[in-house]
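Participant: For reference, the chains in residue letters:
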Amino acid sequence: MNNTSYVKPIPSQAGYSYLSSLQNWQNSNHYSHQSQSRQPGDGHKLVAARASTKDSYTKPSKSSAPLAPLNALQTANRTAKHNHNGKQNNDHKSTVACYKNDYSNHYIHSGVLPVKYVRNASQPVEGYPKLQKLVKLKEQQVSNFATKAYGSRVKPEKMVDTLNKWIYEDNLQFDVIMIGALSENQLLYPLVSQLPIDKLCAKPGFLFIWASTQKISELSKLLSNTNTWTKKFRRSEELVFVPVDKNSPYYPTDSLIPEEQLLEQMQWHCWMCITGTVRRSSDKNLIHCNINTDLSIENETTRNSAVPSQIYQVAENFSTSTKRLHIIPSKTGLDHPVKLRPGWVILSPDVLLDNFDPNKYKQEISVLGPNIPLDNEIEQLRPKTPV
Amino acid sequence: MDRKTHEVLKFLIDWNNLLVDPPVEGAISEMYFCFIASCQVKGKDKVSWLQFVKCLQNIDEICICHAFTCYPSNALSLTYEDPFKCFSRITSIDRLALNLVYKRVKITMDPVSGEESPKTPSSPLPGAQTAIYHKPIPKDKEEKLDLLLELAESRRAKPKRSINDLCAGLTPTDLEDIYTTTSKAKRLRQLNLLLATHAGSHILTKERAKLRTIIKPFYDCCDDPKHTQMLISLVSFDRQTNYCKLDQHKLNDRLNMGYGNDNDISKCVNQKIHFIPIIQSQTDTKLGDCSYLDTCHKMSSCRYVHYGQLMPLDDVSAKKATQHNKSIQKAMQVSDFTRGESMSPASRPELPAQWINCDVTKLDFSILGNDFALIIADPSWTIHMNLNYSSLTDSDLLQIRMDKLQKEGLFLLWVTGRTIETGRDFLKKWGYKVVNQITWVKTNQLVRTISTGRTGHWLNHSKEHLLVGLKGNPKWLNKCIDPQILISSTRETSRKPDEIYGMVERMVGPGTRKLEIFGRQHNTRPGWLTIGNQLNGTHLVEKEIAERYYKVASV
Chain B
1 MNNTSYVKPI
11 PSQAGYSYLS
21 SLQNWQNSNH
31 YSHQSQSRQP
41 GDGHKLVAAR
51 ASTKDSYTKP
61 SKSSAPLAPL
71 NALQTANRTA
81 KHNHNGKQNN
91 DHKSTVACYK
101 NDYSNHYIHS
111 GVLPVKYVRN
121 ASQPVEGYPK
131 LQKLVKLKEQ
141 QVSNFATKAY
151 GSRVKPEKMV
161 DTLNKWIYED
171 NLQFDVIMIG
181 ALSENQLLYP
191 LVSQLPIDKL
201 CAKPGFLFIW
211 ASTQKISELS
221 KLLSNTNTWT
231 KKFRRSEELV
241 FVPVDKNSPY
251 YPTDSLIPEE
261 QLLEQMQWHC
271 WMCITGTVRR
281 SSDKNLIHCN
291 INTDLSIENE
301 TTRNSAVPSQ
311 IYQVAENFST
321 STKRLHIIPS
331 KTGLDHPVKL
341 RPGWVILSPD
351 VLLDNFDPNK
361 YKQEISVLGP
371 NIPLDNEIEQ
381 LRPKTPV
Chain D
1 MDRKTHEVLK
11 FLIDWNNLLV
21 DPPVEGAISE
31 MYFCFIASCQ
41 VKGKDKVSWL
51 QFVKCLQNID
61 EICICHAFTC
71 YPSNALSLTY
81 EDPFKCFSRI
91 TSIDRLALNL
101 VYKRVKITMD
111 PVSGEESPKT
121 PSSPLPGAQT
131 AIYHKPIPKD
141 KEEKLDLLLE
151 LAESRRAKPK
161 RSINDLCAGL
171 TPTDLEDIYT
181 TTSKAKRLRQ
191 LNLLLATHAG
201 SHILTKERAK
211 LRTIIKPFYD
221 CCDDPKHTQM
231 LISLVSFDRQ
241 TNYCKLDQHK
251 LNDRLNMGYG
261 NDNDISKCVN
271 QKIHFIPIIQ
281 SQTDTKLGDC
291 SYLDTCHKMS
301 SCRYVHYGQL
311 MPLDDVSAKK
321 ATQHNKSIQK
331 AMQVSDFTRG
341 ESMSPASRPE
351 LPAQWINCDV
361 TKLDFSILGN
371 DFALIIADPS
381 WTIHMNLNYS
391 SLTDSDLLQI
401 RMDKLQKEGL
411 FLLWVTGRTI
421 ETGRDFLKKW
431 GYKVVNQITW
441 VKTNQLVRTI
451 STGRTGHWLN
461 HSKEHLLVGL
471 KGNPKWLNKC
481 IDPQILISST
491 RETSRKPDEI
501 YGMVERMVGP
511 GTRKLEIFGR
521 QHNTRPGWLT
531 IGNQLNGTHL
541 VEKEIAERYY
551 KVASV
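Quick mapping for you: the protein sequence lines, in order, are chains B and D.
As numbered in the UniProt record's numbering, residues 1 to 387 make up the first sequence, in order.
As numbered in the UniProt record's numbering, residues 1 to 555 make up the second sequence, in order.
Hints in this document: simulated from the structure, not taken from any laboratory.
Built from N, CA and C at the ideal position, the CB exists for glycine as well.
Among the hints, a few may not be true.
What the hints assert, rightly or not - Counterexamples of contact, computed for chain D against chain B with all Cβ distances above 10 Å:
| hint | residue |
| --- | --- |
| 1 | S38 |
| 2 | S88 |
| 3 | K216 |
| 4 | Y219 |
| 5 | V305 |
| 6 | S395 |
| 7 | Q399 |
| 8 | K407 |
| 9 | E408 |
| 10 | G431 |
| 11 | C480 |
| 12 | L486 |
What the hints assert, rightly or not - Stretch-level coverage of chain B by chain D, calculated; a stretch enters the list once three of its residues show a Cβ under 8 Å from a Cβ in chain D:
| hint | stretch |
| --- | --- |
| 13 | 215-226 |
| 14 | 232-246 |
Looking at chain B on its own, in the form it has when it is part of the complex (with noise of 0.2 Å):
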């Protein structure tokens, strides 16, 4: 047969197990191209042809198969037929699965992003009406337990001495914070790894840390870093922020040149690090885990400012804490406007308002409590670890 002719370079042995099993796949009735006119030197097609129906990846020129299920029986046909052919692939399980759009092959002929057609963007819980209950309970909980909307107008130059004082003069500390925004000249490093964040940072704390996809590798020599205050913090969950279409405001254009960039960026990364010992079964004062997830995708809910709603909300969600700080290091550009967010002291260049005060702050703190007190709904509908 023309098979054995393609691989004749090497002389044939008995002991040549692909031979053997190219010989046996011959025999065997996987071979759906029989009505196939074969000519010489086709060998090595069939085969290629026999692992594309296999994995549903058809070449347009050389496969015969439908290209899409037209009709539910159809379909059912063809999935049947695909399970008879796999038979070799014992390794997995048969599960039989629907017909599925390839959005990346989608992009390419309509240039439609493939986010756009995530169904439950603007609902992450959808289908879910235990979590959908959580999540607004908790929602209205930290709004009951929120300091007042705090902003700080600091230059960048200015930053590290503020902080020191209210360390120092103030005995200021917080437990939740966040440094960064979604804009690319956050000047990252030289500035990030002077600010003294162990200082400021309770123990146990809770970082959330920006980055775009270029200056990611900037954060992890930070936090890899055990000179500067990131040695005391571990690296614990990768957020990703995703804009739904490149006219969004978050969609990261600036200073990007297709012609070097190996694919189009798209996503946000927020790193999240704790300092400290939590326990996630039973600090349940402290932290409520998985009500989030590592994923938020634009949605009416994100407001235009210089970090999305969503992730302020994992971060208030996750932890229970009332004090909570960003630190955006640098100016965010006229279209990231840096709002106020109540229960949070936002210290920016171009904070809106500058109304805080370290006395006046620790005084409200100190009716509301350090913590958001336990919630009998809140924890018996919150996932927890089987214990």
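Since chain B is already given, all that's left is putting chain D on it; use the hints.
Facilitator: Relative to chain B, chain D alone:
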């Protein structure tokens, strides 16, 4: 605000830096002459010296004395008979204050004086939102704060400007018109325009990818709950395939009875995919959806809601696809744009699928050659969990001589939450620079992101990461064609989405050698050599590799 003050305001906004810097140095008289000159260029009304000073006073008054800092500080309240007797200077101009005034003036004046900006469409703010701008500014401090916050909140996210918008207003009106091309604001826009314009080569590469990529039929999903409600009683569900089948007669009967919006639903059923809830005797709809949906093992007893997929009846999409796909071969042969390719790719036939079943840690990589354009690896990283496949320790993985496989090219490495950093580290040690990170957004049967099930330690995980390492500086890469986000549904444990193969094909071009490490049988495909320990034997067609492999294997 009168027209003249408006002109002065615009002038100050455009030139504020130059006016305070030397040589003008904020001298009010010099500023006046500059203003007169700029007015003449545009053929606007004459403004007298006294009027000019009055305008400055007006502006400062509107800004509650925050617009200008003067020397002497009361400079604007003094009276000057003519410009040659005025030696006062404005030492700084608050650009933000002026811009705010300008914006507000524009909003209040726009509907009246339409000729001010004939080209730009009126602001897209709906009536309810513009109302806020017309509110009188309250005197009380608290109320002022409330209004400010309300204003800040109501401003809708401004969409990024399109190239056409950037171009608008950049062409000079006539030869004398220096203003359009030299004012600061316009110059910034010119630069933005330049940056936003894509290089021709990039546009061509994208177009080439389009011509060479097959079109897979694509069906949108219906989001109308009314359709779903109506279809529940009209379909039958096949549990074997998870598909629903529509009873056309019942639908027609229902439509004839005048139920719902006829055209709407019959059209939708023809074009879109519908997910129909399967209500069984044990189903409790109050519980919501099953977390596993179509992958649920106890579907016959599960009390949560499951869904069946109803495919569109019309196959227009499929027909269009077939037509395009037929012409691909031709598009390959006729290749006018060959950037990044050595020759016509059609003359280089694609190699069939090849695979070697082996222990990857023990295989001598020198037999595979070192000219792979791209390598993809999905190692089974150790995690603190019991999985039904053996995992590899980090040090075992690092020992593998990945550094031998490529002279230049890409290495894609699947990583888990814990190992993102380890993966970066390993890629660097193997000689790669991590240049990007692809995110696989995991979706379920209903094309919703996975959001339940305690899939991560602290937060739930709805995505996985694929690190992209680059070695050397290959000229043949097609850049920036696919986005770094990939949306695909989950399948069997640890099975990765097939969409990645399409993306790879577009990145490295057709007819290139690609290697998959730790692949399983379902990963094998034309153009790829797959190695791993769960493959069915060994199948090689490249002569050199086969010779080297069997020489080593027979020893």
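Participant: Does each hint fit the structure? Answer for all of them.
Facilitator: We went through each hint and held it up to the structure:
no., hint, verdict
1, S38, "25 Å, holds"
2, S88, "29 Å, holds"
3, K216, "5 Å, violated"
4, Y219, "6 Å, violated"
5, V305, "8 Å, violated"
6, S395, "19 Å, holds"
7, Q399, "22 Å, holds"
8, K407, "18 Å, holds"
9, E408, "14 Å, holds"
10, G431, "16 Å, holds"
11, C480, "4 Å, violated"
12, L486, "6 Å, violated"
13, 215-226, "holds (count 4)"
14, 232-246, "holds (count 8)"
Violated hints, in rising order: 3, 4, 5, 11, 12; the structure is consistent with all others.
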